[in-house]
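Residue numbers (numbering that gives the first Met the number 0), protein chains in the order written: chain P, 0 to 101; chain D, 0 to 168; chain L, 0 to 403.
Think of the hints as simulated: they come from the structure by calculation, not from any bench. This structure is a prediction, so every number in the text was calculated from the model and none was measured. Here a beta-carbon is modelled for each residue, glycine too, at the ideal position from N, C-alpha and C. Take the hints with a grain of salt, since some may be wrong.
[Stated by the list, open to error] The following label-pair restraints were derived from C-beta to C-beta distances:
1) D:Asn-77 with L:Thr-25: 22 to 32 Å
2) L:Ala-386 with D:Gly-98: 16 to 26 Å
3) D:Val-9 with P:Gln-86: 26 to 36 Å
[As the list claims (entries may be wrong)] Which stretches of chain P does chain D cover? Using the computed rule of at least three CB atoms under 8 Å from a CB of chain D, they are:
4) 10 to 19
5) 79 to 90
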Amino acid sequence: MSAVPISFYLVLSAILFGLGVVAFVFKRNIITIFMSIELMLNAVNLAFVAFARARGELDGLVFVFFVIVVAAAEAAVGLAIVIMLAQNRQSLNVERVNLLKL
Amino acid sequence: MSIPIILFLVCALVAVAGAVVLILAREPIHSALALVVVMMALAVLYLLLGAPFIAAVQIIVYAGAIMVLFVFVIMLLNAGVEERTDFSKLAKFAGVPLGFFLLLEIAHWLAHSPIGAAIANGAGSSAGESSTTELSEMLFRQYLFPFEATSILILIAILGALVLARKEE
Amino acid sequence: MDFVSQHPVLVAAVVKIAVLLFIVMTALAYLTWLERKVIAHIQSRWGPYNVGAHGLLQPLADGIKFLFKEDVTPPAADRLIYTLAPFLALALGLSAIALIPFGPPSALFPNGQQIFSVVDLNIGLLFLFAITSMGVYGIALAGWSSNSKYALLGGLRSSAQMISYEVSLTVSVVGVILLAGTLNFNELIAAQKGYWLHFIPRWNLLPQFVGFLCYLTAAIAETNRVPFDLPEAETELVAGFHTEYSAFKFAMFFMAEYANMITVSCLATILFLGGWLSPFPETWTWQNYLPGAGLLMLAAYCAWNTVSEMRGIARLQLGVVTLLAGGGGLICLYPPIAAGIQGPFWFTAKILAILFFYIWMRATLPRFRYDQLMSFGWKLLLPVSLANLVITAFVIIWPLLRKG
């Protein structure tokens with residue numbers, strides 16, 4: 000069984016990251032914007048795992064582990080902020096969030 | 000075409016399709032589901048890359064906890080159809096082709112540059128499955144300090160979420 | 000023929016999955032019968048009695064009824080997700096069972112594949128948790144897509160409840176993982192071999208008793224069963240997340256719930272009750288004849304019941320059951336077979352004991368209030384399972400510390 004070349008994974012990772020950026024820029028719903036950040040993190044994780052495989056070392060996997068932990072912490076705080084915003088502004092559209100005051 | 004390459008192509012297609020649906024869907028919950036699909040496809044790719052532990056963690060934490068939280072918040076706020084606003088003409092006519100071009104360039108570089116070629120031909124297929132024991136030894140010896148730091152990070156995140164979600168008295 | 004000899008893993012896996020699917024689907028159907036019967040007898044009723052002798056054909060009748068009912072989709076529902084949710088729930092519930100080893104790994108097919116487990120993963124436990132952690136989606140999406148306030152409230156409650164109790168569930172299991180030092184199911188079971196004082200089985204039940212209690216409680220909450228069945232509390236939410244579902248989609252949620260019950264019972268058996276290990280020492284060879292003897296006793300009871308109680312067609316039906324049980328019992332007495340089915344026999348017996356406990360709880364306990372449920376999960380169950388984990392880790396590391 001011939002393995003998949005690592006560059007395939009890196010190209011896929013780049014495509015997913017690009018789509019994440021596109022979603023981040025074009026979406027208007029604050030939750031979806033948040034989700035596109037998660038998509039970008041996932042793309043980076045894929046690159047990490049691919050590099051770990053290419054170099055035959057496990058450090059990349061440990062990094063993925065940390066990225067996932069940080070993403071979990073980020074989601075907890077971020078979603079709490081989203082709930083606050085939605086309750087104060089009655090809208091999830093980021094364009095309505097144009098004041099510094101919450 | 001060997002079985003791993005077919006599997007890779009299928010998963011890659013599913014992942015890219017999921018990401019595109021995430022952008023095109025107007026209901027936030029459809030976007031969330033598309034992202035879950037992307038994550039499942041990536042988990043299969045991690046298995047293919049010989050990292051079963053990371054694949055399991057990806058599903059448990061990302062798809063099973065973080066995305067459930069997203070779905071929960073979407074349901075809680077009853078987020079309806081997203082309002083669309085016109086984005087600038089410049090973005091439409093210059094940005095999209097430029098972004099596409101950038102992607103092509105990265106792909107080209109990866110395929111033809113010495114680093115990309117070295118990675119492609121090199122150790123890629125040599126290592127077998129990474130063992131969970133080795134990974135945990137690395138995590139608890141070499142990376143012990145960052146590991147403990149993440150525990151504090153999580154604690155702070157919990158406190159932050161509690162403070163934000165608390166009702167004003 | 001070439002294909003079969005070239006892909007032993009694939010062919011064996013497909014055959015095992017087909018057999019397992021058949022067994023599990025039948026078990027799901029008869030679990031509903033068992034539940035109704037047990038609850039009825041606890042409440043001094045008869046339960047299903049008319050469709051087949053002792054209601055034995057009731058699951059079949061129910062299944063046919065579900066198939067022929069009108070399948071209503073609410074006009075305001077999100078059609079795609081509304082259809083997807085029950086399939087998701089059932090598929091996840093069934094695929095989790097594929098990871099369970101039902102017998103010792105030493106039992107092999109001629110081509111070297113294990114008979115009793117579909118796959119023998121290195122990190123099987125983690126994968127089981129991965130699959131069960133996806134189970135929330137079926138319920139949450141069903142609640143959201145129905146576009147009904149009862150269903151939405153049920154879905155919200157269930158996702159909050161399942162996230163909360165999943166933490167305790169996972170933490171309560173870590174003690175066992177520490178003791179065994181592995182995530183592979185077969186190794187987890189092998190670590191429980193042996194006896195204290197020559198007759199008390201060395202299962203994790205005794206050293207991890209607190210963990211076992213935490214696991215059992217969290218597992219009941221994870222599967223949304225009484226007393227934690229808030230997502231479908233009929234007195235408050237009509238039927239919770241599946242209020243709007245009808246016909247076979249409703250049946251799929253039902254089957255998913257029972258499949259999840261079987262999964263968590265299997266996991267409890269593997270982690271705390273020694274899996275397919277027998278409770279008796281190996282020197283007691285008479286235990287090989289227990290399955291056969293049990294089936295023969297069942298056949299004797301059925302025969303007596305057929306003659307004394309049954310009339311008309313029921314007499315014929317119960318007669319068939321008698322013949323099946325008697326024949327099965329005789330086959331199980333044949334020594335090579337008797338030795339071979341020891342593992343699956345004890346595994347099934349332990350699962351049935353836990354399932355009976357589940358049903359018993361349902362017949363006995365009232366439902367929690369929602370705030371009670373949350374404070375119980377976070378303020379009692381999680382600290383206790385964490386304490387159990389810390390103490391277990393300390394006990395394991397203490398000899399190492401004393402040596403320096």
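Hint-by-hint comparison with the structure:
no.	hint	verdict
1	D:Asn-77 with L:Thr-25: 22 to 32 Å	violated, 41 Å
2	L:Ala-386 with D:Gly-98: 16 to 26 Å	violated, 53 Å
3	D:Val-9 with P:Gln-86: 26 to 36 Å	violated, 42 Å
4	10 to 19	holds (count 8)
5	79 to 90	holds (count 6)
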